[in-house]
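Asks: Chain by chain, the residues:
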Amino acid sequence: MAFPSDSAPFVHLGPAGDTRGIARLLPGETIRTGDLATIVANAHRQYTCAQRACAAIPSYQTQSLTYVEAARVLLSRVAGRDGYVVYVDHELCNVRCSLRRVSDGVSVDSDTTVIVATREAPSQLVLDASSEATSTALYLLVEVVATAPATTGTLHGGVVVEDAAST
Amino acid sequence: MSFSKIDSSIVAEGQFVGPALHQAAQNQAAGDTAAVRRSSLSWPVDARPVLWGLEVFAFRLGPVLISSRTSQLSCQFLGLVSGADAVLDLALVDGAGLQVASPQTTVSSGSGSWALTLDTSRRRGWYELVLLVRTERTATTKTADLTAGSGVIATATTIDLSGLGLSLSSSERYVVEWNDHSSSPASYVPGNYPAPRHLQWWRNGASPTPAAFPTSPTVAHLWPPLDTSELSFEGVNHGITITALGTVTLYSVAITETLTAYATDPRAGLRPGMPTSPSSAAEIQARALRHHLEQTTIEHRGVWLDRADADEFGNHPSRASRVVAYGATAQELTRAYFADRDRDQTTTTQQTGASAGTQTTTARTSYLVAATCLLITASGDEGLWALDLEWTANEFSGSPGFDWTDDTVSGSAQALGGEGFAAGLLRNRRLDTRRDLLALALHLAPSATGALGGADPAYQHLDGLIPASYLTRAEGVAGLRLFVLEVQDDPNDPALFRRLLLEALGQERSVEGVGVGGAGRAWLHVGPVAVYVAPQL
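Listed in order, the protein sequences are those of chains A and B. Our numbering numbers the first residue of the first sequence as 1 and each following residue consecutively. Our numbering numbers the first residue of the second sequence as 1001 and each following residue consecutively.
Keep in mind that the hints were calculated from the coordinates and are not lab data. Some hints here could point you the wrong way.
Simulated restraints on C-beta separations [claimed, not checked]:
no., chain 1, residue 1, chain 2, residue 2, range
1, B, Gly1163, A, Thr66, 36 to 46 angstroms
2, B, Gly1235, A, Thr152, 34 to 44 angstroms
3, A, Val106, B, Ser1216, 23 to 33 angstroms
4, B, Ala1186, A, Glu69, 31 to 41 angstroms
A few chain B positions that, by computed beta-carbon distances, are all more than 12 angstroms from chain A [what the hints assert, rightly or not]:
no., residue
5, Ala1025
6, Arg1038
7, Leu1041
8, Gln1104
9, Pro1196
10, Gly1235
11, Thr1256
12, Glu1257
13, His1291
14, Glu1299
A partial selection of chain A residues facing chain B, derived with a Cβ cut-off under 10 angstroms [said to hold, decoys possible]:
no., residue
15, Ala41
16, Leu65
17, Tyr67
18, Glu69
19, Val73
20, Arg96
21, Ala129
22, Ser131
23, Ser135
24, Leu155
Remember, it's a predicted structure, so these values are computed and weren't measured experimentally. Every residue gets a Cβ at the ideal spot worked out from N, C-alpha and C, and that includes glycine.
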């Protein structure tokens, strides 16, 4: 038994009613070229749509001038995806992300973002896991370093991971 | 399985429907394989939850929306089991309480990663996923003998350790047990000694720094508190034994829907050897659509932990939940970061009928923001209390140069749905609350004077742990309450990166003659927040 509906009220912010762009066919229609095209397009879309390997860590602060560990994010993997795109929201710190095997901690791939100003839009890192079997458990090691002495670098809780697009 | 390129001329000419559907079926199955719904929750190194306890505690991992498409949740944990073995279990919490659906697993000390699975084949809808944990005793013990009437128990919630020469380590977790004096035992029935108690926090002196765990404490705080009837042993010679328990330190957990049911083969609507039946195309489409809606992605799972942040009472966020007190200022619960995502823009071509021609539809994406909250009161009041809660969500769109350091709701924030800063309000939710036990077990560590809320909740050793027995209580009386907020994205905003800010404002409401304010105020504990793409059109 799930939560009763009255304990989970839906609160709408803004108008609803827009529909997703999936054409629907009415009963009684025969299959037409357009219908078939829609079915094919949906199958294509389902395959190519980037599924998100959602991951998030809370914020972290450092004053260290050498890279220190901020967090480890365990990643789940699926077949057909070659790696991960990591989005990092950071301020006054550089971030290094490395993809490592859970079994032995060996790095599979790594990437680093270096900010050029005191404030930065989110950075995007791409990590390749194509050399590893899908069954190999991997985690993301997030390390940060402050950009200057007596400066507090902040990871704004914005480490987001999604699957890299399929080839 | 890989993607099959379908010859567009076959589709365009309306010929060879069978081969085209065959290829579409392959692509749909391949998409299913790659579209496993999953999420991951992690903690920074300085705020990793430490789970322990002689009794079973529950640790919240956030809400899960279980669809008919999946029959099992697989959770892999990255962390460290140290000191002694730990007994772990996954469970779901719903309106009726705790629903344990997986066998207990014993994880050996030294383990760095482990996996647990949960059968969800008979579950549908929203649940809170919790990790149940109990840890064994280690070989590390410290003992002391006390003579009759030495005044060891200062209050029901504390034990006086001054002069005993016991050394405790802040990195360890302890229970205290009472037993016979080692050399001159009294004629006391051993079974009348109290059950073991957890050391929630200890200090040295009357005005402690909450974050400090001195190695030579004078006072240790107990959980659960001792009942008056349990204090009779004070009058006889007796001994105490303080034993370190094993701990489970969590780094990260990955939650994956496994054993998913794939979509019906698109060809199933076509009878072999027969012309296409009139309703077949609609049936194929309906099945694909239904399946698509059940596998909407999870955008975020996390708890907001800003180590520099504090609420209006000076309390820092817990490692596992956010404390919401009534007050004038909305308190941030979480931030969800959305990267660029599929905008669900679809171009379809209709050659007949009123809608003939090419049409491009850009859909708005709606999100379901879900979390469970737990209402508790501090000690001192037994009346009914309620909170009016105002949950708000605001979207910050990102582009180069955007001021990301501004985490206040201001003119630079874009309200979701274009309707201004909208809010949902839960009014007149009367909740019975229970005093003392839960408040003490959770984040409101007692101060030196025994008052609640006076210490920093992030440092006490039961932080984030809810006694599992508490979750068996009926929803509406106690236990977890789910809230779901639906917010809608703006399809016209070209930003590539978005931040959803979820806040809560508690408005205290007094009922049945209990005064507002004072020691009896209510708090809410909000666990990890999960954000799903709404499975709707």
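Asks: Against each hint, give a clear statement of whether it holds in the structure.
Replies: The hints, checked one at a time:
1. B/Gly1163 with A/Thr66: 36 to 46 angstroms: holds (45 angstroms)
2. B/Gly1235 with A/Thr152: 34 to 44 angstroms: Taking Cβ atoms as reference, B/Gly1235 and A/Thr152 lie about 55 angstroms apart, which means the hint is violated.
3. A/Val106 with B/Ser1216: 23 to 33 angstroms: Violated: the Cβ-Cβ distance is about 43 angstroms, outside 23 to 33 angstroms.
4. B/Ala1186 with A/Glu69: 31 to 41 angstroms: violated (52 angstroms)
5. Ala1025: violated (7 angstroms)
6. Arg1038: Contrary to the label, B/Arg1038 does not stay out of reach of chain A, its closest Cβ about 5 angstroms off (not over 12 angstroms).
7. Leu1041: violated (7 angstroms)
8. Gln1104: Check passes; 22 angstroms lies beyond 12 angstroms.
9. Pro1196: holds (33 angstroms)
10. Gly1235: holds (49 angstroms)
11. Thr1256: violated (5 angstroms)
12. Glu1257: For B/Glu1257, whose nearest Cβ neighbour in chain A is about 10 angstroms away, the distance does not exceed 12 angstroms, so it is violated.
13. His1291: Check fails; 9 angstroms does not lie beyond 12 angstroms.
14. Glu1299: The claim breaks: B/Glu1299 does not keep its Cβ more than 12 angstroms from every Cβ of chain A (closest is about 6 angstroms).
15. Ala41: With a closest approach of 7 angstroms, the A/Ala41 hint holds.
16. Leu65: violated (17 angstroms)
17. Tyr67: violated (13 angstroms)
18. Glu69: Nearest chain B Cβ about 5 angstroms off; hint holds.
19. Val73: holds (4 angstroms)
20. Arg96: violated (15 angstroms)
21. Ala129: violated (14 angstroms)
22. Ser131: violated (19 angstroms)
23. Ser135: violated (12 angstroms)
24. Leu155: holds (8 angstroms)
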